[in-house]
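Okay, here's what each chain looks like letter by letter:
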Amino acid sequence: MTLLVATQVRHLFGGLCAVADFNLELQAGQLMGIIGPNGAGKTTIFNLITGVYQATEGSIRFNGTELVGLTPHQITALRIGRTFQNIRLFRDLSVLDNVRIAHYAQANYSPLEALLHIGRYRREEQRIIDNARRLLAIFKLEHLAGETAKNLPYGLQRRLEIARALAIDPELLLLDEPAAGMNPNEIDQLMEFIQWIRAEFKLTILLIEHQMKLVMGICERIKVLDFGETLAEGPPTAIQNDPKVLEAYLGEGPVG
Amino acid sequence: MSEGIVYWLQQILNALQLGSIYALIALGYTMVYGILTMINFAHGDVFMVGAFFCFLAATYLGLPFAPTLLLTMIGAALVGVLLERLAYKPLRNAPRVSAIITALGLGLFLENFTLALAPYPKHIPPLLENVSWDLGGVSLSSLQVIIIFLSLGLMFLLDYVVHRTPVGMAMRAISWDKTFVPLMGVPVDLIISVTFAIGAGLAGAAGTMYALAYPVIDPYMGIMVGWKAFISAVIGGIGNIRGAMIGAFILGGVEIMVTAFFPSTYRDFVAFTLLLLLIVVRPYGILGKPRTQKV
Amino acid sequence: MNIALKYCWNELLEQAWLVPVLLLIGFGLAFAIPEYNWLNKYIQLVLMYIGINIILTVSLNLVNGYMGEFSLAHAGFMAVGAYTAALLTMKVLPVAAYPVLFPLAVLAGGMVAAVMGLIVAVPSFKIRGDYLAIITLAFLMIVKSVIENIDYIGGPRGIPGIKRLTTLPWVFFWTVATVWMIRNFVYSKYGRGVLSIREDEIASDLMSVNTKRVKFLAFMLSSFCAGVAGALFAHLLQFISPRVFDIIKTTDVLIMVYLGGIASIGGSILGATAYTALMELLRPSTMAALLDWLPEFVFNPLNQYIIQNLGVWRMVIMPLLLVLVMLYWPRGIMGQREFRGFIPRRDRVAHRRLNDPGEKP
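Protein chains in written order, with our numbering: chain L, 1 to 256; chain C, 1001 to 1295; chain H, 2001 to 2361.
Okay, chain L solo, but in the shape it has when bound (with noise of 0.2 Å):
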């Protein structure tokens, strides 16, 4: 089944053309990376995809709703989640708050419920914090419930933001740059930890990413950006051997 399809994308920065038709088909349950030089457009196909900006033109498609036109909580709330590149964690609340601000969708009660502490918030709100803390203990950060999210090691956070994006009950997972910052053993954890909350939250991911390593090890699919335009798509071993690839990362090509 296609869980997310993007047709015909294009994104103008004033004259400038940031993504330009971009096509995409994600399968449910599939890995795909994005890849590409800085600048090539990577974190404003996921900033389109989350509403953050409005394409231009074409169409963005998840599970059959059109996502463009649509603000980034309604697009969140039909379960799509995201991390950010440098991390955006609500730095000066608890780990705990942090998770269960991303509950906001899915606590059902209504305003005057919440400024009475009336009917279905007490039960929502525990629904919720059973939620949080489940969530928590599944990423080892339990007992950082009631910590300051700044006060926590730069890892620590990058897996708090993760465990944030799946608060949302995503069916799509976006992970802009994971290992950032990370060194080759912690990028063979991270390899492990994405493949295990992929089968354990039964996640489809679109994941960008420097790493080679990473995304060569991990992902089934590969889409390689250059200047806002799609450059090659395909298993990890075609895009390795794929010249126009090369050229893009090398700067080889035929000399003259």
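Among these hints, one or two may not hold up.
Listed below are the simulated DSBU-like cross-link pairs for lysine-lysine, each with C-alpha atoms no more than 30 Å apart in a straight line [said to hold, decoys possible]:
no., chain 1, residue 1, chain 2, residue 2
1, H, Lys2212, L, Lys150
2, H, Lys2126, L, Lys150
3, H, Lys2212, H, Lys2126
4, L, Lys150, H, Lys2006
5, L, Lys150, C, Lys1089
6, H, Lys2212, C, Lys1289
7, H, Lys2091, H, Lys2041
What the hints contain is simulated information worked out from the structure, not anything from laboratory work. Remember, predicted model here, so these are calculated numbers, not experimental data.
With chain L's structure known, arrange chains C and H on it following the hints.
Using the frame of chain L, we list chains C and H on its own:
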């Protein structure tokens, strides 16, 4: 000349006078915002303090116009630098809100402190012989001429300083970037103090001229004039020096027009409604540039 | 000594029984004091002002502390509430029905203020920070000049002769009710949304928070409470005019918010109480009474001077206090911490602000 044209020329003249006083004060708001992205809400009260310095110099020292103006500008500049050094500088790395609140507090402090020392409104002695000319029905006073031309002169001087001198270059550099400019050897603290001094000095000059034009002064006179100058700065695009001048003349014009057609009590209403609408529609003003946030 | 005090203070914050017990005592006193005339009229008046200021402070804290915006409009919302309620009791409602209808007038004041809150809430969807502060300021000024230009409601002269309907039990009731609602709001998904907007609005939106809705609700609730406070204020002071609700009134509330500490309900209550009491203490009449009570030789030479000039210098001390708090005590009394009794049991784990004094400002 027909009566209508005379009337309008007179109004335009009044608008120019009001606009130039707003402009001198608006420059201080916009310069400080440009360099620190901070709204110095106490600035209107520096203008008021300037008017009181003018009163002191003219009454107790018995000085004529030129030295009074100079002394007032220096006095106001000192007050400006003092505020910056004692209150704003320690808060430079604090949350932005702290600086705004402190500025509000300092403004109130200046008002009430002046009130405690001078409980009754003061009268400024006439420092200049006021000659009126009749130009085909339009009356033009020497005071108006002096206010308008002196203000324009100071504005051109400032524009020159900011765009053509090393100090001005340093100011513009700091407003672009506060992390790396100090590494280039720019004395950031000094330049910021100079900015405050210039802004406050101009407000002092505005205080003098205002006191000459409307010779009864009181400690709360800076509030409304200060807000109006601030609106001018926002109209022009806060942080933009030439914008502040344009904005001041626009607001001066609008206010004079409002009082020409409606009861004068509508003036503030129109000015602040203009501000509200402007911020919703075009928050970066006429000459400002929109800022975008990166995701 | 200092450490021991700090320890006691931290222990006190941790006592969950404290808030309910104080609430019970307050409830008893609110009815007993006017009934048996335990305290003189002036102190009763001050107690009512404290209650009204608590409502104002806690509600402004919702926007300025929890949401991290900077609103100057609070006095404007207060004015709207005050004028609405005063007009209702003076021109609409029958005199005989006051005891029953006064709460309705107060409620109406709050409602109208809440609707006015939209004028600030709608721009806040797109505009933040300094520019939103300017919008709130413009709102305050516009409210003021609109009132000044309507003759029917007294124009710049205001409305004199409002019935004194605000009593200590009513102040107590409305204070508890509004603080309770704000506290409930803060500890709900909307309250967490408010906090997340302060931290990172874009990330908040991407974590499914409907930021517009959250802002809308927060501004409405905040201005509702300000309107309620204004209505009570009008029926206590018995005279309102546009000058009563100028920027100085907003500054008063700002001082109380930041003195108490942002994003803390307990802090706002303490800040409002301490500041109101201090300002009343600095009134010439209070000071005179106090100095009379002291042995005469202690202050005799200064006595007259202080009494004569305090009224003016009081207004100098107030803003200076604000500046000093900002410079030397930016975290205020509570520094984002909270009395345990205010936090719903379920939320106590997540409340990192509880017992976290080690963090450097």
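Run through the hints listed earlier and report the numbers of any the structure violates, in increasing order. Going through the list in order, the structure violates no hint and respects every one.
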